[in-house]
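Line order of the protein sequences matches chains A and B. The first sequence begins at 1 in full-length UniProt numbering and counts up by one. The second sequence begins at 1 in full-length UniProt numbering and counts up by one.
It should be emphasised that the hints constitute simulated quantities derived from the structure, not laboratory data. All of these numbers come straight from a predicted model, not from anything done at the bench. Think of the CB as a built atom: it goes at the ideal place given N, C-alpha and C, for glycine as much as any other residue. No false leads were slipped in.
Pairs of lysine-lysine, DSSO-like flavour, derived with a Cα cap of 30 Å: (1) A:K102 - B:K20; (2) A:K21 - B:K50; (3) A:K106 - B:K50.
Quick list of the computed label-pair ranges, beta carbon to beta carbon: (4) B:D80 - A:E108: 43 to 53 Å; (5) A:L68 - B:R26: 26 to 36 Å; (6) A:K120 - B:T28: 38 to 48 Å; (7) B:T28 - A:E108: 32 to 42 Å; (8) A:I36 - B:V79: 37 to 47 Å; (9) B:T16 - A:R31: 23 to 33 Å; (10) B:N21 - A:L68: 21 to 31 Å; (11) B:N21 - A:Y69: 17 to 27 Å; (12) B:D22 - A:G58: 16 to 26 Å.
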Amino acid sequence: MSWAGPEDIYLSTSLASYLDKKLLVLLRDGRKLLGILRSFDQFANAVLEGACERIIVGDLYCDIPLGLYIIRGENVVLIGELELEKEELPPHMNMVSEAEIKRAQKVERDATDLKGTMRKRMEFLDMD
Amino acid sequence: MLFFSYFKDLVGREVTVELKNDLAIRGTLHSVDQYLNIKLENTRVVDQDKFPHMLSVRNCFIRGSVVRYVQLPPDGVDVDLLHDATRREARGG
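Please work from the sequences and hints to get the whole structure.
Here is the structure:
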């Protein structure tokens, strides 16, 4: 990811062609951040202006505003350019409030936890 | 630098990049760098229903460190050429 001249930024792997554009940043922990790329370096450290986190649970989603974020490069999985004329999400998805998405998130987490403990107990039974 | 050169030759071809988080993205290889960071164009996610947030992403940058596999076009590898290059590199030349 070298510094490229203004005429070949669109040919290189550098993030320069994404500067000042609205992006989706996928992080290693599965979080999705949206914001405008203002700066970056060779490690994919990035500065997002007007960042927000998009939480998706099933068909519900919510954008939680965060402000100005510096993301450490090692946590970045993917940086995608968002097409402005295309719908960001499938039409069947509904925007809900922050409280509501947090509740849905908790329900989902509890369900996976329950599945985990049940599996653990089954494994225990198999051992006998 | 062998795989860097190799991927540079694949620019413009259609590849599928599978990430360590099981997200698989198909697209045209736009560019690659020394870290094997990859830029794809005209991307589509293989399992779109599982990753609805990727719907409006057409171009993306993928950090080299999170790539698990790159699935190549069937005629994408010249095995003999790669074999020779590997030996040359191993000899230090």
